[in-house]
Structures are given as structure tokens and as C-alpha cells.
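Participant: Given next are the chains, with one letter for each unit.
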Amino acid sequence: MRKFLAAGVIALSTSVAGGAFAEPVKIGMITTLSGGGAGLGVDVRDGFMLALKQAGNSEVELIVEDDARKPELAVQIADKMIQSDKVDILTGIIWSNLAMAVVPNAVNQGTFYLSPNAGPSALAGANCNKNYFNVAWQNDNLHEAAGAYAAEAGYKKVFIMAPNYPAGTDALTGFKRFYEGDLANEVYTKLGQTDYAAEIAQIRASGADAVFFFLPGGMGIAFMKQYAQSGVELPLVGPAFSFSQDILGAVGDAAIGVKNTSQWSKDIDNDTNKAFVETFQAEYGRLPSLYASQGFDTANLILSAAAKADVKDQDAFRAALKEADFSSTRGDFAFASNHHPIQDIYVREVIKEGDTLTNKIVGVALEDHQDAYAAECKM
Amino acid sequence: MQTALLIEQILNGLQFGVMLFLMAAGLTLIFGVMGLINLAHGSLYMIGAFACATVAAATGSFWLGLVASLAAAAAAGAIVEVTVIRRLYDRDHLDQVLATFALILIFSEGTRWVFGSFPLYLDIPPLLRGALPLPGGGAYPAYRLAIIGVGIAVAVGLYLLISRTRLGMRIRAGESDREMIAALGVDIRTLYTVVFALGAALAGLAGALVGALQSVQVGMGEPVLILAFVVIVIGGIGSIKGALVGAVLVGVIDTLGRFLLPVAFATFMDASSAAGIGAALASMLIYVFMALVLAIRPQGLFSAQG
Amino acid sequence: MMGNPRETILNLALVLLLAAIPLVATGMGEPFYVTLATRMAILALAAVGLNFLLGLGGLVSFGHAAFFGIGGYVAGIAATHAFNAEPLLFGLPGTNQMIVIWLAAVLLCGLAALAIGVISLRTSGVYFIMITLAFAQMIYYFAISWPAYGGEDGLSIYVRNGFPGVNTLNGLHFFYLCFGLLLAALAVFSVLRNSRFGAALEASRQNQQRLAAVGIAPFRVKLVAFAISGMITGLAGALFADLNRFVSPSMLSWHMSGELIVLIILGGTGRLFGPVAGAMVYVLFEFYLGGVTERWQFFLGLILLGVVLFARGGVVGLIAGKARHG
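Sequences listed follow chains A, B and C, in order. For the first sequence, full-length UniProt numbering gives the first residue as 1, with consecutive numbering after it. For the second sequence, full-length UniProt numbering gives the first residue as 1, with consecutive numbering after it. For the third sequence, full-length UniProt numbering gives the first residue as 1, with consecutive numbering after it.
Hints should not be assumed to be uniformly reliable.
Partial list, computed: chain B residues near chain A (C-beta under 7 Å) [unchecked claim]:
no. : residue
1   : L5
2   : E8
3   : N12
4   : F118
5   : A139
6   : L213
7   : Q214
8   : Q217
9   : P223
10  : F259
11  : S272
12  : A279
For the record, the hints were derived by calculation from the structure and aren't laboratory data. Keep in mind the model is a prediction, meaning the values are calculated, not measured. For every residue, glycine included, the Cβ atom is placed at its ideal position computed from N, Cα and C.
Sequences and hints are given; from them, build the entire structure.
Facilitator: The structure is reproduced here in C-alpha cells:
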């Protein structure tokens, strides 16, 4: 039975000789590779595998499986990877609701979990765990930066909008935490909604001087295109999710000039990032998104810790992870007491380079920013 | 300004309804003539959008893309009808639900296989960019007005097709008595393929029109599919008139609910919770409406089967 | 009623196989396959509930995820309140006792099914399919946007709920608990099918007038069937939440309703053990294909299509031949 089922595992061992670790490291990646949100999972996976390939270390084994964005399936795969494949580290989950399903279970079974994308507030605060590390951001971070930017840009009356689900309410709360002016209106849309005519009409009528929106994936594409056609010309501000490289092409010129906040951009000036952008493009024939950078950083963090400590010696390995002694595409990167990042968050502007839409940094929204929940974390 | 906003929202509801009508018309036609419940209708919508985006990107012309979307969806519809759907006509609804559910999986993952995981770009044609002024100070996007126009044209076209042409006569005959038209020497297999392809083409058209407004990506058809089912059930399955009335009702109720419910709640609670609770109820509103309609009229508003 | 002998043997084999998987897996030091078998048992239980309605009554409910999800939320909410020691309703405390949770889940799902059934059963055919879907969607959107219990993020159960005399944290024990409930539900199904009530239900799908003529109100028969069906599926939902230690709105989604229908058809509609066979095959497909290729949904679709078109009796029908009744 074991043999029969083991055949179902895609093992992607890197093969070139490299520095030897004390013990081989086995990593399980659960990510979204099918359905509508697959682009994010593909980017995280590709960034992660690029880092492994560059390191050329034969003692890392990676197993990748698709969660189809279903929490129950993600839980099942996590159990399989922990109990059957005996992985040391889990990573890869894109969505907060899947992370909430998998992470508490996984870390309670004594497995490390490194988040390359989702950062729900529950896992940053009261329910933080010593074996859980977030390498991307706490969910509120980019929205907080957008709030800080809106305050600095002198907006006095902002219209704010997000889908009606926990990440959406967190987004608006995060924005309000740093924004100082008045709100023209606060609107929650239906999750998965793709027609924003009604909301755009409200924006037009609201007398706002700017619009902040958090609409990830297809929702953001739809909103941007419809907004551009509506004749409303208020400036837009949003987190990077609606302006990341994977979807900018689908938004089109409607996105040009929009300010968005991100912890990463392809023009962050350091050697690691330059090399990352170049090699990613050479390997996969497209520009990396912030998700790809997060996958890349996650892999490099694991490699840095594995070079220092034996993954079976959990305390030593945890300490090595905590040091975050790797060269991040983001430049400075450190973990706060709750194992969430302390990092700069930039303001980017969407520009056109030749025929390609992309982002360039126009300022720093928050320096060495840490999330608001660390104090609640007793670790 | 408030009246202008209300007019704009009603137009929005109308446009949303018209878009739903394009989906629902094909669905209800297929059900009315062949008695088939087709969950894969949303996949045909997706195929229309992908075809339009691909051709528009290659040729630079939205209009060619639109033609391609009709052709691709009709072709996909015809192929699926001949290979799979044909075997399902004399099965019960249960088998039809499962088989077309399986088709959704195949179409979605097949499309991702061919086009990759990232959304495609499709913009509205230059001719229809910009907004037109509304009486009272608002403005309304030209493209959305055009969608309303297309929807009305399709409704009129379908009416003429069914009431004035030979094909329409056969469709009507097919709805009322299948053995009869076979006995009259009509090639019923071809008729079914044509009707299915026609419904598919309408779905493809809707996908292309909406793809330019929204995002062209895998899975885009599913939310619309469920709404289209709500529409035809409210309107009465098999009735084109019912589909039109149901679509406009659903479109207007959904749009106005999203707009008015939070405002209504804000009169007695703080703005932030009102926004949340209002939105929560608004997302359930059309399903509540559907349950109400069926509780009063179990066969929908305009049932074709009497 | 005696089924055909091949079907009886097949049924016995299925039960023994399902019961044996966890033992063998534990013996081989592979605890994960215990989890997989538990998943099979729970999904089979949920499908037994639906099979009651769909297989016997011919009523295609496309909204059974509603009951599955309500059951799951009962377990999640009760456990959360017990964990945080907050009162739940009217000063009642939360609980982490499975028996109480099951009773509550069954009761609540029964009530919900009565309410939904009273309206839905006025319709028939496609209308019935769609109105049950509409009710499930209503509850789904409510669960997503109502913030109190996690909304779309769902609700974690930090410690699996308990059962007197059983260590539910032990995968094997929990499996046999679920397995026992599955057998009990199958027994209930079998007894009801062969009762006057079951005969009335099967008659109601074929000839309502005749049923009414002999003094049985078809509506009431169907309503009771709908309620029982919802209760069994709700019980499975509570177990599923405990298996995953997590409940979220995706348990309420229309995909879940579709999956339950898939299980039944895959196994064999109306067959006593159809849901068991269907759940075993489906879980294995999902797990195995998911490991082989990221395009697994494509192949799953092809397989399902093949079953509908060419293997109408499902797995049970394929092996045991045609159903005797019907």
C-alpha cells in the first residue's frame, strides 16, 4: 500500500551538488494550482523552486500538491504530508481561510509552517505559535501602509471598499489604523462580485477625494476596468494585490498611475533582488510578482536555517529561522517577537515599460513596520 | 444628485439583468426544447470570453473577437452536444446534473491547461469608451448602455426567431410534443444540435461582452451560472419571456439591495456595522426573493409547461 | 427484502474493507490512511442521508451542503464556546461532548430541513433542484459574511471533541466511532426502506395520485423524508468538522452539494451501500490523482463523465448487476 500510494507524490529533488546540511530537509508545499486563483500559487511555487535550484542542494526534497482552494482538501494534504511523508516543514498556502484550517493543526503536530502569503490576524496575535513563521506580511500590513500613504498625501475624505469577509474587514480596519482624515463612505461588497457599477455610482456621488480599495484577484481586475470607463477620475490607492505582475496585464492601461503599497517591488535596489528578477525572467519567461518574491524568500530562509542547524533539532532550527540570516529580495528583513516580519513597505506607481505594465517605487510608506498584534502573542 | 444616483443604479440593475438574460435565455431554451439541465452553460460563457480575448489580442479588434466568441462557443456547444449531451436527453435530471458537473471540471481545467493560470486581457472597443451624461448630473458608461442595447436586440431577435421562422416553429413544436415533430419528418437530432449551439453562442456572447468589463479567467462562469439558474427558475423554466422578466428583476433587486440596504441599516446603527450587515443581507437577497416567488408560484412566473 | 446475492457479498466486502484499512494502516505505521478512511466513512454517512431522499424518494436535492455545513458549525461553535468558557445561548454553556453536539446538530438540521422542505417540496423536478440550491446559497453567503464565527476564515476546533470511554484524539478510535454511526445509519436506511413509510416514499416518486387515493399525503411523506435526510447529513457534518478540527463556509458551498450527489451516483443510486462505495472510490480518486498531476480535476471530470454515460449503476451496479427493485 505504501508503495502504491507513494507513487502519487511528485518529488522534486534538486540535483546539483552543494553545501551539505546536517540532515536532509523535507518540505511539503500545499498551494493553489487549479481553479481561478491558481496564478498566485504558481508564482509562489516557481519562486520557491527557483531558490532551491540556485542553491543546488541535493539534500532538500520538495513535495508539491494542489489544494484547489478548498480548506478541507488542504487539511487532508497537510495530514498526509505530516503523517505519511513525514515532512519537516510545510509551506505554500495562499489564502487566509486555508491557512486558518491548516496551520494550527500542523504546528500542534510539531511541524514547522512558513507562510509565503497569508497572514491572518488570529495567527499573529493570541494564537501565535513558536513553529509558525510568516515570511510575507501580516494581512493588515499593506493596508496600514495605504492608510499612512493616504494621510501623507493629504487626502481628507476617502471612500473605502473591500469584500465582505474577514480579510476584507481586516483591510479596512488596517487602513483606518493609519489614515487620519474622514471617510466618505465605507462599503463592503460581495465576495467574488465582478460587477462594480453600483459601487462606482456611489463613489461618484460621495464627494470623496480618493478611493481606497482591497479587491484581490479577478475582483480587482473587474473593478479597475470598470472604474476607468466610468468617467470618475478620483485617485485610487490600494494594496499591491490588484497591481501585482500576474494580473497587471489583464487590467491593462487602466492601472497606469495608480499608487499601491507593497513590501516588494522589482526595482528594490539590492543585488539579491536584481539577480532574482533576472533569473526568474530567464527561467519562466515572465516577470515575477510579489508572490514569486515571497516564495523565493521563503525558500532562502529555509536554506539559511538548514545550513546552521539540524532540522530535527527543533529548538536549534527554530532559533536559526528566527535569525532570518538570508539575503532577502526586500533588503532588510527581520522577525518580530511573534515571528512576523519587520520590514519597509513601499509606495509604488504603475507605469508602462515599453509594452509591459509594471510598478516602480515612488516612496516609502512605513519604515521597519511591524504588525499591530505582536503584543497579544505570548510565546 | 440623489435622483441621479438612483437613476444610475436602476440602469446598473437593468444592465446586470440584461447580461443575465443572455445567459438565461440559452439555458431556458435548452431546457424548454430538450428538457436538459445544463450546468456547463457557465463553461460556454468562459469559452466565449477566452476566444474573444485571444482573437482581440492577436488582431487588435474587439469586433473580430466578438465574432470569434460566438463561433467558438457555438462550436464547443455543438461538439459537446454531439459527443455527450445527446446521450443525456432520455436520462433523469440526476444524471444530467452529474454529467454536466463533470463537464465543468473538464472545461475549467482544460482551459487552464491551454491558456495558463493568469487572467487574460480584454478591453472594450475604442468606439464605446467613455461615459455619457445622464439627466440630473450623473454619467453612464457608453459600453454598459451598449450591453443594454444588445440585450434588447437579442430578446427581440429571439422573439422573432421563435414566432416567425421555420426553425422557431420546430422549436415550439419540440417544446410541446417531441414524438410529433419526429413523425412530421423533422430531423430532431439536428434540431437539438442547432438549439444547443444557439444557446451556447448566446452564452459565449455574454462571456465576451462581460469579459471586457471584468476579468477573463478560469472559473468566471460559475457565479453567473448560479444566478442564471435563479433567473430561469423565477421566470419559469422554458419561457424566454420569463427569463427576460426574471433577469431584469434579479438584476435590479441585487443592485438596489447592495446600494440601499446598508443605507437603511445606517439609520439606526453605526456606519461600519451597517455596511457589514447590510452587505451580508444584500448577498442573500436574491435567494430570498427566489424562495418567495417559488413559495407563491411553484412553477415560476411564466411557466412554459402550463 | 433480499437484494441479489452478489450485491450482498459486495456490501459485506465493502464494510470489511473499510473497517480493515485503518487496522492495516496502523499496523504498518501509516496513521494518515486512518484519516483517509475516516474521511470515507464520514462522506459516506453524509451521502447515506442524501441517498434516502434521492435514491428512494427521487428528490434531487442540490442543497444538502446546507445540512452538512450546519452540522459542522454546530460542532465548531459548541467547541469554541466550551474552549473559551463563554456561554452560548440563554446562559447555556458550550460543550465538547460529541453526544450533545450530535443531538444538537441532528435537531437543528431536522428543523432547518422542515423549514426548507415546507417551501421546496411544493415544487418538483428542476424547480426542486434549484430551490434547494438557493437555500444552501443563502446560508452559504450568510456564513461568509457573518463575522461572529470567523466568516470565510472559518472556525478552528483546537481540541477534538470527546466521547465517553473513547479517546477521540486517537485516529483509530475516532474512525470506529464514525464507522459505527455509518453502520447505524445504514441500518436505519435499510429498516425504513422496507417499512410502510419507505414503500410510501418510493410510491410517491412514481404515482402521487395513487398514494393520495389510499389515504397517504405524499407531501407529508416527502417532508419527513427530507427531514430525516437532512438530519443524517447534518450528523456527518458534525463529524467532518471534528475530523478536520475545522469548519468553514466551504462545507456549505454548492460544490459540496455537487460532491454529495457525485458520491451517490458513483456508488449506485438508491443502493443501500452505494454511498459507501462511492465515497471510498471518490476519496481515493481525489487523493491519488491529486498526487499524480495538478490537472487532476480534468481527469476526475473525465472519470465522472464516463461513469454517468457508460456505468449507470455506479460501482455497485457494475459489480453486482442491476438493481432488483425499481
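Participant: If a hint holds in the structure, say so; if it doesn't, say that too.
Facilitator: Each hint tested on the structure:
Checking L5 (chain B) against chain A by beta carbon gives a least distance of about 4 Å; that is within 7 Å, so the hint holds. Look at E8 (chain B): its Cβ gets to within about 4 Å of chain A, closer than 7 Å, so that hint holds up. With its C-beta approaching chain A no nearer than about 4 Å, N12 (chain B) sits inside the 7 Å limit, and its interface hint holds. For the restraint placing F118 (chain B) at the interface with chain A, the shortest Cβ-Cβ distance is roughly 5 Å, inside the 7 Å limit, so the hint holds.
For A139 (chain B), the interface hint holds, since its Cβ comes within 7 Å of a Cβ in chain A; the closest pair sits about 5 Å apart. Interface hint status for L213 (chain B): upheld, as the beta-carbon distance to the closest one in chain A is roughly 6 Å, under 7 Å. Among the interface hints, the one on Q214 (chain B) holds; its C-beta lies about 4 Å from the nearest C-beta in chain A, closer than the 7 Å criterion. Taking 7 Å as the C-beta cut-off, the interface hint given for Q217 (chain B) holds, the closest approach to chain A being about 5 Å.
This hint holds: P223 (chain B) has a C-beta 6 Å from the nearest C-beta of chain A, less than the 7 Å allowed. The criterion of a C-beta within 7 Å of any C-beta in chain A is met by F259 (chain B), whose closest approach is roughly 5 Å, and the hint holds. Residue-level restraint check for S272 (chain B) holds (minimum Cβ-Cβ distance to chain A is 6 Å; threshold 7 Å). Below 7 Å, beta-carbon pairs count as interface contacts, and A279 (chain B) has one with chain A at about 4 Å; its hint therefore holds.
Going through the hint list in order, the structure satisfies each hint without exception.
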